[in-house]
Amino acid sequence: MKIILADALTIAAKDLRNELKSKQTSGMMIIFSSLVILIFSFAFDPTNNTVKAIIPGLIWVITIFSGLLGLNRSFISEQENDSLTGLKVAPIDPSSIFLGKVVANLVLVTIVQMLSIPILFLLFDYKFHGDLIWFLLIVLTATIGFIVIGTFLAALAANAKNSEMLLPVLLLPLLSPLMIGAVQATKIVLEQEGITDAISWLQLMAAYDLLFFAACFFLFEYLMEGS
Amino acid sequence: MGYLFMAYTIIWALLAGYIFVLGKRQKDLKKELKVLEDWKSEQ
Amino acid sequence: MKQPSAFVDRMLYILLVPAMFVSLYLIFIWSPIEKQMGASQKIFYFHVSTAWVAFLAFFVVGYYCVLMLKRPTEDRFIKAGISAEIGVVFTTITLLTGMIWGKSAWNTWWTWEPRLVTVLILLFIYIAYLFVRKMEGTWEKIAKLSAVFGIIGCINVPIVFMAIRWWNTKLHPVVFGEGKNQSGGGVEPDMLVTLLFCIGTITLLYLFMMRKGIEIEKMRLTVRKAKSRVIEKLAS
Amino acid sequence: MLELKEITKIIGDKIILRNFSLALAPGESVAVIGPNGAGKSTFFKLAAGLMQPTSGEILLNGEQIKKKTHLLKKRIGYLGHESFLYSALTPLENLRFYGKLYKVKNIEEKGMELLKAVGLHYFKDIPIRSFSRGMIQRLAIARVLLTEPDFLLLDEPHTGLDQEAVSLLNLLIKERQEKGIAILLISHDFEQVIQVCERVLILNKGRVVEDKSIDHQRGLMPFKNWYEAAVSGK
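The listed protein sequences derive, respectively, from chains A, B, C and D.
FYI, in my numbering the residues of the first sequence are 549 to 775.
FYI, in my numbering the residues of the second sequence are 280 to 322.
FYI, in my numbering the residues of the third sequence are 319 to 554.
FYI, in my numbering the residues of the fourth sequence are 66 to 299.
Hints are computed from structural coordinates only; laboratory data are not their basis.
Here the structure is a predicted model, which is why all the values come from computation and not from measurement.
All C-beta atoms, glycine included, are put in the ideal place defined by N, C-alpha and C.
Do not take every clue at face value.
[As the list claims (entries may be wrong)] Within a straight-line C-alpha distance of at most 30 Å, the following computed DSS-like cross-link-like pairs (lysine-lysine) qualify: (1) Lys388(C) / Lys313(B); (2) Lys170(D) / Lys244(D); (3) Lys189(D) / Lys165(D); (4) Lys550(A) / Lys569(A); (5) Lys189(D) / Lys170(D); (6) Lys168(D) / Lys571(A); (7) Lys309(B) / Lys388(C); (8) Lys303(B) / Lys168(D); (9) Lys139(D) / Lys165(D); (10) Lys165(D) / Lys244(D); (11) Lys459(C) / Lys310(B); (12) Lys289(D) / Lys70(D); (13) Lys709(A) / Lys459(C); (14) Lys600(A) / Lys735(A); (15) Lys306(B) / Lys388(C); (16) Lys551(C) / Lys306(B); (17) Lys289(D) / Lys709(A); (18) Lys175(D) / Lys139(D); (19) Lys303(B) / Lys313(B); (20) Lys709(A) / Lys550(A); (21) Lys79(D) / Lys289(D); (22) Lys168(D) / Lys239(D); (23) Lys270(D) / Lys244(D); (24) Lys543(C) / Lys709(A); (25) Lys388(C) / Lys70(D); (26) Lys79(D) / Lys459(C); (27) Lys551(C) / Lys79(D); (28) Lys388(C) / Lys709(A); (29) Lys551(C) / Lys319(B); (30) Lys550(A) / Lys165(D).
[Claimed, not checked] Among the chain B residues that face chain C by a calculated CB cut under 10 Å, a handful are: (31) Ala286; (32) Ile298; (33) Val300; (34) Arg304.
[What the hints assert, rightly or not] What follows is a list of derived Cβ distance ranges for each label pair: (35) Lys388(C) / Leu670(A): 52 to 58 Å; (36) Asp508(C) / Gly281(B): 45 to 51 Å; (37) Thr73(D) / Glu550(C): 16 to 22 Å.
Excised from the complex, chain A in its bound form:
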């Protein structure tokens, strides 16, 4: 287990170093999420007070759409020089590839969120009154679930030629319970309603995270096997 973790960190570090050099994916993701916010502010008038109600939903729409960009890249980029095969023949457990990719994607998406959510609040002139710790906890829990299942399906979709199109089709139906939980919990925290309701949503999301993490962790080796 320790070895799997160490290998995973090696792979994640490699991905992040790659990203740090090119800044392609993260740059695109940030620009894209800003553009989505811009389009939304045209679509829903930010000066209108009722628009505040859709802020929790917007947070997750932005996360998912910009996250999809990064997820698509994470395995496609391994196809250059066929380096994924290099990882497959290396003496490592296939699960560590999965774990490493999850860590790398999580870092990437979290960075994008740290920029895009403040931008969203700023442009919609939204004053944050909720409990910051709970808010961050909810965002992190839901993002972990999104990245776990997203990374897994990105690895699956990378086998297809039209993987950029395939990934959302596979991912979004599976994400639906998580997103219901994420949006509801975010809404409760932002509107300062009872925190106990948010906790029950948080529990649901945590259960989802654990369940899918376990399933993906064990099924990943089947994705890595050649035919």
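Given the structure of chain A, go ahead and fit chains B, C and D onto it with the hints provided.
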């Protein structure tokens, strides 16, 4: 009453649709078999 | 080898046709008309039956996916695929009849009723599964990938149901009673008999379609193999 | 000792390998040649653990290679058609990454040594995106050698290399072989086959049609003629 009629029409239409798809597959199969037989007779 | 399977097919057919007529008789003539909703309530028999088969078909897909991970065979691959196709047909029927039911009972085409929404998401998962099967590549690879996706999808369905039910009760606490299946307060015994009979009939229909679909799919496989052999022979 | 016992591999409806058997002793160097589609690359992928055989077993030092035997894979160095390298990273970073995955000790030292050996140490801090095909191939070779495998599987290592690099590669292979490392080589370049290898297998349509040691005295032409005869099945 109209809704009832609508619902059952849709049910039968969709079931018929799937059976039609199956039938089309069978037809395609027949064509393929014919091609194969033609090849065989040419040999 | 061939004899028993033909026998099963014939038996299914012999059972299915009368069962279908009997269930239609039960639905339209024998069973009582519900007082509040009138005749439209009769949608419910086939709606529930098809919904049941939609979930059953998905369970079958999941079952064959697990088997396929253990050892991929063409037989299991085909069975999972046909079951998913029939599942798409039945989820679509369930959704449309559900919508018509909603229109007649609550005067709205769509309600965020947990069962109905679960069926909708089930439909999307089915379609995504069929997309995975349509990928290019060798048969073994697709078998493995689709099996993995099928299993993940299977795990997802109960969670979807739970999440939506939870969401629903929190948003607008219990507007439509316990939901449509229980029809508020208990089903009349006559209605229950009709419902159970319909469920049986539709399950038979599912089995019959499965067998036919599998048979055709296997024939296609055989023909395709024969064709590639002939092509190879002609080329060399 | 790398042993393949009665391997059969079926992909789709096609039988790629039929009843393929081979034993590779330490210090041996064997070339696998044959026409396109004979199953050479598939055989390598099986040996590298990228695929599982449909039937038969692969033994490495007496232990069977299966899904869960990652540590056995450490003994095998696989050089494929592609370089498996990351083009945004520098040569040294690439080596460092793979070295970590293979748990190589003193990566830095060994990495530099190998870069020198393949003649890339001047470029050690340049992302390999700008490298030519030959330079990448050299780095790929360094990557394989870094992990100090007992068995080298080289899938057409000479493609894209100029004359100088070819002789450098042959020298490196010879060196490793003298240390007792077994070498398997797929190549279409018979000249290199004769130079590097002692034994040659001819694969055709998934079967071994010839298996003999190379007579270095006889030169290229007789070898070619022999190959033609073996493949056409006379």
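Results for each hint:
Taking the CA atoms of Lys388(C) and Lys313(B), the gap is near 37 Å; set against the 30 Å cutoff, the hint is violated. Taking the CA atoms of Lys170(D) and Lys244(D), the gap is near 19 Å; set against the 30 Å cutoff, the hint holds. This hinted pair checks out: Lys189(D) and Lys165(D) have alpha carbons roughly 18 Å apart, not beyond 30 Å. Among the hinted pairs, Lys550(A) with Lys569(A) is consistent with the structure: their alpha-carbon atoms are about 29 Å apart, no more than 30 Å.
For the hint pairing Lys189(D) with Lys170(D), the CA-to-CA distance comes to about 19 Å; that is within 30 Å, so the pair holds. With a C-alpha separation of about 29 Å, the suggested pair Lys168(D) and Lys571(A) falls inside the 30 Å cut-off, and the hint holds. As the CA atoms of Lys309(B) and Lys388(C) are separated by approximately 34 Å, the hinted pair breaks the 30 Å bound. Note on Lys303(B) and Lys168(D): the hinted pairing is violated, with a Cα-Cα distance of about 58 Å set against a maximum of 30 Å.
With a C-alpha separation of about 12 Å, the suggested pair Lys139(D) and Lys165(D) falls inside the 30 Å cut-off, and the hint holds. With a CA separation close to 24 Å, the supplied pair Lys165(D) and Lys244(D) stays within the 30 Å bound. Of the supplied pair hints, the one linking Lys459(C) and Lys310(B) holds, its CA atoms being roughly 29 Å apart against a limit of 30 Å. Our distance criterion of 30 Å between C-alpha atoms is met by Lys289(D) and Lys70(D), whose separation comes to about 29 Å.
Taken as a hint, the Lys709(A) and Lys459(C) pair is honoured in the structure, with Cα atoms around 14 Å apart against an allowance of 30 Å. Between the alpha carbons of Lys600(A) and Lys735(A) the distance comes to roughly 10 Å, so the proposed pair stays at or under 30 Å and holds. Restraint check for Lys306(B) and Lys388(C): the C-alpha separation of about 34 Å exceeds 30 Å, so the hint is violated. Using a Cα cut-off of 30 Å, the hinted pair Lys551(C) and Lys306(B) holds, with the two alpha carbons roughly 26 Å apart.
For the hint linking Lys289(D) to Lys709(A), the alpha-carbon distance of about 40 Å lies beyond 30 Å, and the restraint is violated. The straight-line distance between the Cα atoms of Lys175(D) and Lys139(D) is roughly 17 Å, inside the 30 Å bound, and the hint therefore holds. Distance restraint check for Lys303(B) and Lys313(B): the Cα-Cα separation of roughly 15 Å lies within the 30 Å cut-off, and the hinted pair is therefore satisfied. For the proposed pair Lys709(A) and Lys550(A), the alpha carbon gap of about 35 Å is over 30 Å, so the pair is violated.
Of the pairs offered as hints, the one joining Lys79(D) and Lys289(D) holds, with about 29 Å between alpha carbons and a cut-off of 30 Å not exceeded. Annotation: proposed proximity of Lys168(D) to Lys239(D) holds, straight-line Cα distance about 25 Å (limit 30 Å). For the given pair, Lys270(D) sits about 34 Å from Lys244(D) by alpha-carbon distance, which is inconsistent with the 30 Å threshold. A threshold of 30 Å between alpha carbons decides the hint, and for Lys543(C) with Lys709(A) the separation of about 25 Å falls inside it, so the pair holds.
Taken as a hint, the Lys388(C) and Lys70(D) pair is honoured in the structure, with Cα atoms around 23 Å apart against an allowance of 30 Å. Of the pairs offered as hints, the one joining Lys79(D) and Lys459(C) holds, with about 14 Å between alpha carbons and a cut-off of 30 Å not exceeded. With a C-alpha separation of about 13 Å, the suggested pair Lys551(C) and Lys79(D) falls inside the 30 Å cut-off, and the hint holds. Restraint check for Lys388(C) and Lys709(A): the C-alpha separation of about 27 Å stays at or below 30 Å, so the hint holds.
For the hint linking Lys551(C) to Lys319(B), the alpha-carbon distance of about 11 Å falls within 30 Å, and the restraint holds. With a C-alpha separation of about 14 Å, the suggested pair Lys550(A) and Lys165(D) falls inside the 30 Å cut-off, and the hint holds. About 4 Å separates the beta-carbon of Ala286(B) from the nearest beta-carbon of chain C, less than 10 Å, and the hint is met. The closest approach between the C-beta of Ile298(B) and any C-beta of chain C is roughly 8 Å, which is under the 10 Å cut-off, so the hint is satisfied.
Given hint, Val300(B) at the interface with chain C, holds; its Cβ is 8 Å from that chain's nearest Cβ, closer than 10 Å. For Arg304(B), the interface hint holds, the least distance from its beta-carbon to any beta-carbon of chain C being 5 Å, beneath 10 Å. Lys388(C) and Leu670(A) have their C-beta atoms about 53 Å apart, which keeps the hinted 52 to 58 Å range intact. Roughly 24 Å separates the CB atoms of Asp508(C) and Gly281(B), a value that falls outside the hinted 45 to 51 Å.
Between Thr73(D) and Glu550(C), the C-beta spacing of about 18 Å keeps the proposed range 16 to 22 Å intact.
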